[in-house]
Structure formats: C-alpha cells, structure tokens
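Q: Listed below are the residues making up each chain.
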Amino acid sequence: NAGVTQTPKFQVLKTGQSMTLQCAQDMNHEYMSWYRQDPGMGLRLIHYSVGAGITDQGEVPNGYNVSRSTTEDFPLRLLSAAPSQTSVYFCASRRGTADSPLHFGNGTRLTVT
Amino acid sequence: AQKVTQAQTEISVVEKEDVTLDCVYETRDTTYYLFWYKQPPSGELVFLIRRNSFDEQNEISGRYSWNFQKSTSSFNFTITASQVVDSAVYFCALSERGDSGYALNFGKGTSLLVTP
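Quick mapping for you: the protein sequence lines, in order, are chains A and B. Quick note on the working numbering: the first sequence kicks off at 1 and runs consecutively. Quick note on the working numbering: the second sequence kicks off at 1 and runs consecutively.
Source of the hints: derived by calculation from the structure; they are not laboratory data. Some hints could be false.
To be verified - Straight-line C-alpha distance at most 27 angstroms; calculated BS3-like pairs for lysine-lysine:
| hint | chain 1 | residue 1 | chain 2 | residue 2 |
| --- | --- | --- | --- | --- |
| 1 | B | 70 | B | 108 |
| 2 | A | 9 | B | 108 |
| 3 | B | 70 | B | 38 |
| 4 | B | 3 | B | 70 |
| 5 | B | 16 | A | 9 |
| 6 | B | 38 | B | 16 |
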C-alpha cells in the first residue's frame, strides 16, 4: 500500500505566487488533515476534513484553502505565498473513529522567498 | 492555551541509559485519546502508541514503556537501554472532541539525542 502520498517533496516559491500541495491516500480513510511543522512549534493543524464535501478550519487556516471532492484527495492551496508560510507541510489521514491514529505523508518542504 | 506540554525541549543521553520523556495534557472531556509519535532525522512521522482515557493500564513494548496517570494528567514515555537509533524528535498528542472534531493537538516535541 502507498498509504498517504504527498507531492512535491520540495518547492521554492516567490512571494505572491500560488501553488497546490497534493495529498492522496489509498486507505479509504474518511478523515484527512493538513499540518505545518515549524521549529519549536510542533505540528499545527491548518485544515481538516471528515469526509468528501466537508472541510473545516484548524488552528492556523489563514492563507490556505482546501477542498475534498473525493475520499482519496485533499489538496492544500496557497493563494498568495508569503515568507511566513515557509514550513514543512504534512498531510495525514485516519479512519473516521476518534481513536484511530493518524497516518502521515512524508511531508513537503516549502520555502517562500 | 497549550493543551499538550512537553517541557523537555532537548535531552541528551549516552547509549544504554534509560530516559523518560514527559507529557502533560489538559482537557475537560471525559473521553479522549493520547498518542506518541516518533520523527527520526529522515523526517517521517511514525505512530508509536495510542491510549484511551478510560484505560490507565501501563504498556510495555520491548524497550519502550508508557505510564498513563489521569490523576496528574500525564502520559510519560520511557526508553530503557537507549540506542543510537532512538535519536529522534518525539511528539505527544491529544485527541479530544474540542473545536476540531477530535483533531490531534500536538506538543512541541522533545528532541532526544543518544550518543555512543
């Protein structure tokens, strides 16, 4: 099984550019989420989805959009990149039950200059 | 407010020493779940263990053990006879009903360095 697949692995953007981070899972998980990891800050929730067609904001949603048109895919869009969005981004999925562990992708390292 | 506190930012031990990573959480829910994840230098996040709020039984898995105490809101992780391969950042996380539907709230992590 591929699990959770994130693309790209690395990306450099200029301030103001837009881009989409891709995330796909093949485990038929209902729940998907995006986190960002910054030094000394742990992992902070950006957006999450409890099923196709349903998305909601997490702790740090500003500057990001998401959509969930299928169970498998949960792309994260940066509308106008800012240097503050330089970070490592992780996509994760789990079954719909609250006690299920999150399965993480390998991360995308984004640098905004 | 920080829901999960990992007070130890960095720990350095010599191989074969025992080491305990502390985790203190805060929640008003009676039903919640606690997790530990490992992030080795390669960067991936690896699930280690999950604990339910209604099960305080401690768990041992090889050199790893976890001590869950509701009275002190703690879920500490001990590595016995540490090895160089244990060097990683370890995250404790809490899942509660909260505002984000049982999303995982992570602590800031403890960086463990095991030297030969």
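Q: Give a verdict on every hint.
A: Okay, the hints, checked on the actual structure:
| no. | hint | result |
| --- | --- | --- |
| 1 | B:70 to B:108 | holds (21 angstroms) |
| 2 | A:9 to B:108 | holds (23 angstroms) |
| 3 | B:70 to B:38 | holds (23 angstroms) |
| 4 | B:3 to B:70 | holds (15 angstroms) |
| 5 | B:16 to A:9 | violated (35 angstroms) |
| 6 | B:38 to B:16 | holds (19 angstroms) |
Of the numbered hints given earlier, the model fails hint 5 alone.
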